[in-house]
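Generate the whole structure from the sequences, applying the supplied hints.
These protein sequences, in sequence, are chains A and B. Per my numbering, residue 1 is the first one in the first sequence, and the count goes up by one each step. Per my numbering, residue 1 is the first one in the second sequence, and the count goes up by one each step.
If you are wondering where the hints come from, they were derived from the structure by calculation, not from laboratory data. Incorrect hints may have been included.
Unchecked claim - Restraint ranges, calculated between C-beta atoms of paired labels, are given here:
1. A:G34 <-> B:P64: 28 to 36 Å
2. A:P101 <-> B:G26: 29 to 37 Å
3. A:V55 <-> B:A174: 47 to 55 Å
4. A:V55 <-> B:E266: 47 to 55 Å
5. A:R61 <-> B:A162: 55 to 63 Å
6. A:R59 <-> B:G26: 38 to 46 Å
7. A:E102 <-> B:Q159: 45 to 53 Å
8. A:I129 <-> B:E138: 24 to 32 Å
To be verified - A few chain A positions that, by computed beta-carbon distances, are all more than 10 Å from chain B:
9. H51
10. S52
11. V55
12. N56
13. E102
14. P103
15. Q119
16. L125
17. I127
Quantities reported herein were computed from a predicted structural model and do not represent experimental measurements. Heads up, the beta-carbon is just placed ideally off N, CA and C, and yes, glycines get one too.
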Amino acid sequence: MPALWRFALVLSRSRDTADDLVQATCVRALERAGQYEPGTRLDRWLFSILHSIWVNEVRSRKVRQGSGVIDAELALIFDGRQAIETNILAAQMLAAIGKLPEPQREAVLLVYAEGFSYQEAATFLGIPIGTIMSRLAAARGRLAELNDNSGDGDGRN
Amino acid sequence: MAGTEHQDDETLTAFLDGELSPRDHGAVLERLGGDPGLRQRLEALQFSRQGLDAAFGAMLSVAPRADLEAMLDRALAQAPQPRRSAPIRSRIWQTWQPRLLAAAALIVVACLAGGLGYSLGGANAPKAAEGWHEAVAEYWALTTKATLALAPSPATRTQQLALAGDALGIPLTASAISLDGQSFRGAQLYEFNGKPLVQIAYLDPDYGPIAYCVIRNGKPGATSPTSAEIGGFNVVHWSGDGFGRMVIGRAPAGRLAEIAARLAGEAGQGA
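Right, dumping it as structure tokens:
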């Protein structure tokens, strides 16, 4: 459930919207419990429900309302700083993730935080694997820029 | 600067993420050896994995867990139900199909436990690293002495190890993986979550099949050899330098620990 919320947060960049998305996902999942195929990964099924609610119902509404697109960008930083004041690199990383375009944000979350393979991420998002690669390559370029500032040379991937 | 003008960025990204086929991975390695520009570009695409893990971990740690549970309760209470006034959970019991019920129960468990696949570790624990041990234990349960009855010829062994080493991007030689008293019974290449996974099988005269497995998972950090029991097997696992390793079998834990120490020493890890 926290991982589901994190996915919602990364997509929406807003805590309130993340709460709403998870709430809607739970309701939808219970309504559609019969469509869940036993033996498949339940977490990914819930992720896909949340993603579809975001794409089809919530995102467009947010854009129409023009609700804090700029402010929302800062939500991630704020959220992260609460927990990791001392970890400057992580805070910078949060800010950098927040500034990525949505397609890159979701690819980074799925592959680097949730451990999806490229193929799994491509299938999940319904896009070609090449698109996943180009999104991750672009995201890597942005995230790697932090290295120059942080002086962190360890744990690179 | 990040830029889409770099033709090799996607290939290098897939290389860093362990997503290339063994052949392509080898090809990139070869190119990197003779192309300083490409090495520079590779460097430009490497971000701090620790920083990213910490950032994502921070998001998990600020998740409103209590609110999320309350949300789930509300969702359960609002679940579409026909008339009747029995308590909600018993109404679900009476009216939903068994399959649907099982799924709903799973959702509840997953939501409360923090999600299937996430409940195994803490907020910052690597996810995939947890899963592959279990996956190996699952298929290793199908292996018997009869499976490993035939020993590959030296030539086959060399070929298998070369193929496996290519996939992992590290040299695997017969001497590095040979074990006293254990007869080599083949090296197989698998894939777990898109990551190359090599399994080297041995037949112990007393305890039957034993496997040494190596996965290139790109995870930062290192852990020293740790004993565990997974799926009814004794297991010793360790990691470092972007590789996860494990030894699994029905041999006593002490015997496996000796084997792990020898292999970890060869791999330059945790010995």
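Evaluated hints:
At roughly 29 Å, the beta carbons of A:G34 and B:P64 sit within the given window of 28 to 36 Å. Between A:P101 and B:G26 the CB atoms are about 33 Å apart, so this pair conforms to the stated range of 29 to 37 Å. In this structure the supplied range 47 to 55 Å holds for A:V55 paired with B:A174, their Cβ-Cβ distance being about 52 Å. Separation of A:V55 from B:E266 is about 49 Å and conforms to the stated range, judged on CB atoms against 47 to 55 Å.
Under the hint 55 to 63 Å, the C-beta atoms of A:R61 and B:A162, about 56 Å apart, fit the expected range. Roughly 42 Å separates the CB atoms of A:R59 and B:G26, a value that falls within the hinted 38 to 46 Å. As the Cβ distance of A:E102 to B:Q159 is approximately 46 Å, the hint placing it in 45 to 53 Å holds. Taking the beta carbon of each, A:I129 and B:E138 are about 27 Å apart, inside 24 to 32 Å as hinted.
No beta-carbon of chain B comes within 10 Å of the beta-carbon of A:H51; the shortest separation is about 15 Å. For A:S52, the shortest C-beta to C-beta distance to chain B comes to about 16 Å, beyond the 10 Å cut-off, and the non-interface label holds. Non-interface call for A:V55 relative to chain B: holds, since the shortest CB-CB distance, roughly 20 Å, exceeds 10 Å. With a minimum CB-CB distance of about 19 Å to chain B, A:N56 clears the 10 Å threshold, and the non-interface call stands.
Non-interface status of A:E102 relative to chain B is upheld: no Cβ of that chain comes within 10 Å, the nearest being about 16 Å off. Consistency note on A:P103: stated as away from chain B, and its beta-carbon is indeed over 10 Å from all of that chain's, at 13 Å minimum. The non-interface label for A:Q119 is inconsistent with chain B: the shortest C-beta to C-beta separation is roughly 6 Å, within 10 Å. The non-interface label for A:L125 is consistent with chain B: the shortest C-beta to C-beta separation is roughly 15 Å, beyond 10 Å.
In this structure A:I127 is separated from chain B by more than 10 Å, as the shortest Cβ-Cβ distance comes to about 14 Å.
Hint compliance for this structure: hint 15 is the single one not met.
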